[in-house]
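Take the two lone chains, each set in its own frame, and fit them into one complex as the hints suggest.
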Amino acid sequence: MSEVSPLAAQSKERGFPPISRRAWFLIAAVIIAVLPLVVKDSYWRTNLIVCALNVQLAIGLDFVVGYAGQLNLGQSAFYGLGAYGSTLLVLKLGLPFWTAFAIGTLMAGVAGALLSFFAVRLRGHYLAIASLGFAVIIYQILLNWISMTQGPLGIYGIAPPPVVALPGLPQIVFSDLRNLFYLTAGFTLIVYILLDQMVRSPIGETLTAIREDEVSAASLGIDAAKWKAFAFAVSSAAAGAAGCFYAPFVGTLVPDAFFVTESFMILAMVIVGGMGTLVGPVFGAILLTVLPEFLRSIGDLRLIVYGASLTLAVLFMPGGIVEAFHLLRRRLFPEREMQ
Amino acid sequence: MSSIVLQQAINGIVVGSLYVLVALGLTLIYGVLVQINFAHADIVTLGAFAAYGVTHLLSGNYLAGIAAALALGAALGWLINAGIFAPLRERGSELLPLIATIGVSIMLQNAMLALLGPIPYAFDTPYSNQVIRFGPLFLTVQNVLIILVSGVSITLLYVFMKFTFLGKALRAVSQDRETAGLMGINPNYLIMLTFVIASALAGLSGAMLGPVLVLTPFAGTSVIVKAFAIVIIGGFGNVEGTILAGLLVGLIESFTTQFLDPGLIDIVVFALLLLTLAIRPTGLIAERREENV
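Respectively, the protein sequence lines represent chains A and B.
Just so we're aligned, residue 1 is where the first sequence starts under the numbering used here, counting upward by one.
Just so we're aligned, residue 1 is where the second sequence starts under the numbering used here, counting upward by one.
Keep in mind the hints are simulated off the structure, nothing from the lab.
C-beta: ideal position from N, C-alpha, C; glycine also.
A couple of the hints might just be wrong.
Unchecked claim - Some chain A residues well away from chain B (every beta-carbon gap over 12 Å; in silico):
#1 Thr46
#2 Val163
#3 Leu177
#4 Glu205
#5 Leu291
What the hints assert, rightly or not - Each computed SDA-like pair below joins lysine to any residue, with the alpha-carbon atoms no more than 25 Å apart:
#6 A:Lys92 to B:Gly263
#7 A:Lys226 to B:Thr276
#8 B:Lys162 to B:Ala71
#9 A:Lys226 to B:Leu95
#10 A:Lys226 to A:Asp196
#11 A:Lys226 to B:Leu275
#12 A:Lys40 to A:Thr252
#13 A:Lys226 to A:Ala102
#14 A:Lys226 to A:Arg211
#15 B:Lys168 to B:Ala82
#16 A:Lys226 to B:Arg280
#17 A:Lys226 to B:Leu274
#18 A:Lys226 to A:Val110
#19 B:Lys162 to B:Trp78
#20 A:Lys40 to A:Val50
#21 A:Lys92 to A:Ser147
#22 A:Lys40 to A:Gly251
#23 A:Lys92 to A:Tyr156
#24 A:Lys226 to B:Glu94
#25 B:Lys168 to B:Gly151
#26 A:Lys40 to A:Tyr182
#27 A:Lys40 to A:Arg178
#28 B:Lys168 to B:Ile154
#29 A:Lys226 to B:Ile279
#30 A:Lys226 to B:Ala278
#31 B:Lys168 to B:Leu244
#32 B:Lys168 to B:Met192
If we strip away everything but chain B, and leave its shape as in the complex, we get (with noise of 0.2 Å):
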């Protein structure tokens, strides 16, 4: 019984680590931005296809296919940024880019649909069968890899935030973009910048998900809706809260599959997501946004 319950524990782990991923970069355009990019979901998922067709490709080479989807992912950041918040962000109204971009997302998906199809991919990596034991406790290698790449892309996400001239910055246009402005930083710049970073880590889980997640067009919605309410639980723009967000709802899923129901994970969590927007709106840590609460 205590091992199905550590197992379920790190299989939590492991899911709740791919969603940390995915939210991250939704909470870095908020933090920025206070804006949402729907289309992310979609770009999760043309970089699990990027890393599936290049890994493919070089027979078996994961680490290229991962490369790939984080190129993927950054130029899409970069053309999503330049093609929709951009125009908008001179009309300055806050809900038009989020409709925009769910057009978006429905043209990428159903391109997607279109060339590649409903029937799911099998993305097997050299990684996927080697299995490690502890006891009666298993992990795939590819399990810890997407534990060792989330955690290391938070990592550095954190020391970049905290301790390089780019990152003050981009906390400083997220603090008051026109002040920042007048100390010389270009704030359209480190927009485009936010969405460049954002999106290749979109690419980059999309890279991780794919071999553990069923890989459809649909993989990245599937994540998205859970990503959102992550963000919402850990609090927008918040990154400790999403992070904690994250790895809370992975546990909730995989006890949720184990003791009750793999149908009622959504329920549970958007349960959890209504609970705290009607307790708790600001997230698990409070950083009070006034335009929203």
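Next up, chain A with everything else stripped away, as it sits in the complex (with noise of 0.2 Å):
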């Protein structure tokens, strides 16, 4: 055991066994099935489907900064640019919502990807404050180009997405709370198994490298640049499809919701999570998103959680909630840590 290196010792401590990997995603499939029929308030109802958006916002976060190690401080505008990018295509050009979800999730990879091109010359923090004036721009111009996005005005009554009619089954309407949280939940759990096959493939051993030392990794013949530029692309491809989810959850948008401090938000998840696992952001992501709701009655002390339990998790817990849950299984368990 003293002869694994770090990083390798880090993989085997990721997640848990792969025998058991596709029952826990049959497991996690079942408390999706379950959860709105425990659920029936449609507040907290609400409440999961920003669940899933955030998990979803989180674990791709994650790919980027966790995986790659590059801070990207501008996910909220990958966020807008899907939200107002596919429901301007629907209302402007009348697409069918589907085709404007994928054109939105594409237009995201792909400015994402077009970021990666300052990740290629820069890194640390350069690339993070260079992200954060595209978060900047983004959201400037959401805000000014009045003619297309009304600006700060909004855009209101964005229909849910089409009905589905399938023969001989039931209609399936999106309007209602619980059948939209089984598209986004459900998306979001593909969204998970897709990123989970690749940072267990050679992907995720090839982002590692990189992270790790960027010129070992060259030295491997590994072309960082482009690496860097699919994991940015795939990363804001996850924000931008949250986004398309976001715009008809919600039927509003206004530019204040894609604000950088969004960006500081969903990197509070996954820190608070655990960065560089990609079960620790979706707890991060929950955790994040439900403990505020209790809170709700003491104001603006809600965000304050936010700060607090970014900067304490990375002064204490670096290795966020998936390490307070290896500490307590040590704790609890430490026969079973021998083996």
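Next up, the structure:
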């Protein structure tokens, strides 16, 4: 065990044993199926959908920050590009929702790949600021291109995704929060499985190699520029898809929903959950979505929870919830860790 | 027409000197530590509110307000270094301190929002309404004060860095921390000093911009994103570049407001930032920093 490099040890620790992996996905699917049946209150059903979207944003961001090691503070911009892009395609060009969804997601992915042009030349802090700058530019465009986005007034009355009518089955109406939750959470689960497949394949190894030491990775024949572009594209496409769902879910689009603070919220979910693991950000996103709801009565203090949890996690538990879970398991079942 | 251009040039220099004052602190910390303090913005805002509070309590004594902002800034700088940067330094991560201070920034901003509310405060100093006229051009005494204070601070900082023992030690630490340590310089003490100086500058800039910009809990944030752009356009850790870029951004801002649209300011500034990063990532005045480029 002492011969194992820290990287290998880390990847071994990551997640659950491979055999039960499919079982875990099945359990997740069952939880998704049962949740809206248990949660009948429409307020909490709304929160379930917010959870699903936030999980998708967080695992997407973790792919580029946690695995590829590129601090991207522009996730809010890709979220906004997906939301505004798909909505405007429906409103201005009259495209069907699902076509607009595909184009919106693709658009965010392409924008991410373009931003990675900077990631190729810049690292660390410069990339963080460049991506922050990108987020500010997109926000200001949404705010100021009034003929297109209606600026701060916002776009109202966005229709839910179209009714699905399969022959022989009852119609599926997405204005029903339960069905919308199945749609968004189901899609998020698919995104999770796709990302999970990728990080456990040589792609994941390649990205972590770039994260750990770019020069050594290049000496092994890894084209860092190409892979960074790939990681950015995947991450921002996930955010874009979340945005495409956000618009018909909320029904209203205002630029403030995609201000740079949104990027920080998503980053907090990733860090609090556990950067560099996929399961961590899922719990980080759920915790940071649900917990502030209980604090709604104390108003602005909700956001203080985000700030405090972000800072405290970095200072005392940099591995986030995942690290806390492992510590707890080691404390409770020391014999199992020995095997 | 030419008087409009001149007037906007003056306004640009006033705003630019404010940006320089904010950005200098960021660049100072980056030069010594290669770290970014994201909560710098909120030290600016807190400085502005401290100046506002003290000025009002002492019935218009703005100078006491400035002193309070300086002191509060220095104290916060010490606190953030001791609480965030010093413990994380041992872990040697490049980005964790930045992420941790994003958290501090969210906390401070929302604490201010809860206590002070989102409605802008009218911060009138005795100098806000005194106007100096040169023909068609005019300047408030507050604006003159801003240019003066920025100029004096920049000069003092320059003299401190160039000629005093502590300043030389600071530069030694920023060039090579380990060797400086071997020469009997205590890097931890100097890093603390850097934070105190940089944050005192942030508090001071808050006191100066409070009466000029819209004073809300978000005042610092709106300035800091531009300050980030400025330090990168000027070359991170490069003081001369920061001054040049700060004035440039101030001028761009006032001319964009006059001839295009105030809503386009951020877009123009950040397009310039991305352009700088694409063409000349070391900043206007090249000083190569291998770790970022």
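Quick rundown of the hints versus the structure:
Listed as a non-interface residue, A:Thr46 keeps its Cβ farther than 12 Å from every Cβ of chain B; the least gap is roughly 23 Å. Against chain B, the non-interface label of A:Val163 holds: every CB pair exceeds 12 Å, the least being about 39 Å. Non-interface status of A:Leu177 relative to chain B is upheld: no Cβ of that chain comes within 12 Å, the nearest being about 29 Å off. With a least beta-carbon separation of about 21 Å from chain B, A:Glu205 lies farther than 12 Å from that chain, consistent with its non-interface assignment.
For A:Leu291, the requirement that its beta carbon stay farther than 12 Å from each beta carbon of chain B is met, with the minimum near 15 Å. This hinted pair checks out: A:Lys92 and B:Gly263 have alpha carbons roughly 24 Å apart, not beyond 25 Å. A hinted pair counts as satisfied when its Cα atoms are at most 25 Å apart, and A:Lys226 with B:Thr276 qualifies at roughly 22 Å. In summary, the hint linking B:Lys162 to B:Ala71 is supported, as the alpha carbons are separated by about 24 Å, within the 25 Å threshold.
The straight-line distance between the Cα atoms of A:Lys226 and B:Leu95 is roughly 23 Å, inside the 25 Å bound, and the hint therefore holds. For the suggested pair A:Lys226 and A:Asp196, the alpha carbons sit about 20 Å apart, so the restraint of at most 25 Å is met. With a C-alpha separation of about 21 Å, the suggested pairing of A:Lys226 with B:Leu275 holds against the 25 Å cut-off. Distance check on the hinted pair: A:Lys40 and A:Thr252 sit about 24 Å apart at the alpha-carbon level, within 25 Å; holds.
Under the criterion of a C-alpha separation no larger than 25 Å, the hint pairing A:Lys226 with A:Ala102 is consistent with the structure, at around 23 Å. In summary, the hint linking A:Lys226 to A:Arg211 is supported, as the alpha carbons are separated by about 14 Å, within the 25 Å threshold. Between the alpha carbons of B:Lys168 and B:Ala82 the distance comes to roughly 23 Å, so the proposed pair stays at or under 25 Å and holds. Proximity of A:Lys226 to B:Arg280 is assessed by CA-CA distance (about 22 Å); at most 25 Å being required, the pair is judged to hold.
For a cut-off of 25 Å, the pair hint linking A:Lys226 to B:Leu274 stands: about 20 Å separates their Cα positions. With a C-alpha separation of about 13 Å, the suggested pair A:Lys226 and A:Val110 falls inside the 25 Å cut-off, and the hint holds. Between B:Lys162 and B:Trp78 the alpha-carbon distance is near 23 Å, which keeps this suggested pair within the 25 Å criterion. With a CA separation close to 16 Å, the supplied pair A:Lys40 and A:Val50 stays within the 25 Å bound.
With a CA separation close to 11 Å, the supplied pair A:Lys92 and A:Ser147 stays within the 25 Å bound. Taking the CA atoms of A:Lys40 and A:Gly251, the gap is about 21 Å. The hint holds against a cut of 25 Å. For the proposed pair A:Lys92 and A:Tyr156, the alpha carbon gap of about 14 Å is at most 25 Å, so the pair holds. For a cut-off of 25 Å, the pair hint linking A:Lys226 to B:Glu94 stands: about 23 Å separates their Cα positions.
Taking the CA atoms of B:Lys168 and B:Gly151, the gap is near 21 Å; set against the 25 Å cutoff, the hint holds. The hinted pair formed by A:Lys40 and A:Tyr182 meets the criterion: a straight-line CA distance of about 14 Å does not exceed 25 Å. Taken as a hint, the A:Lys40 and A:Arg178 pair is honoured in the structure, with Cα atoms around 9 Å apart against an allowance of 25 Å. Proposed proximity of B:Lys168 and B:Ile154 is supported: the alpha carbons are some 16 Å apart, at most 25 Å.
A threshold of 25 Å between alpha carbons decides the hint, and for A:Lys226 with B:Ile279 the separation of about 20 Å falls inside it, so the pair holds. Restraint check for A:Lys226 and B:Ala278: satisfied, since their Cα atoms lie roughly 17 Å apart, inside the 25 Å limit. Taken as a hint, the B:Lys168 and B:Leu244 pair is honoured in the structure, with Cα atoms around 23 Å apart against an allowance of 25 Å. Only pairs whose Cα atoms come within 25 Å are accepted, and B:Lys168 paired with B:Met192 is accepted, the gap being roughly 15 Å.
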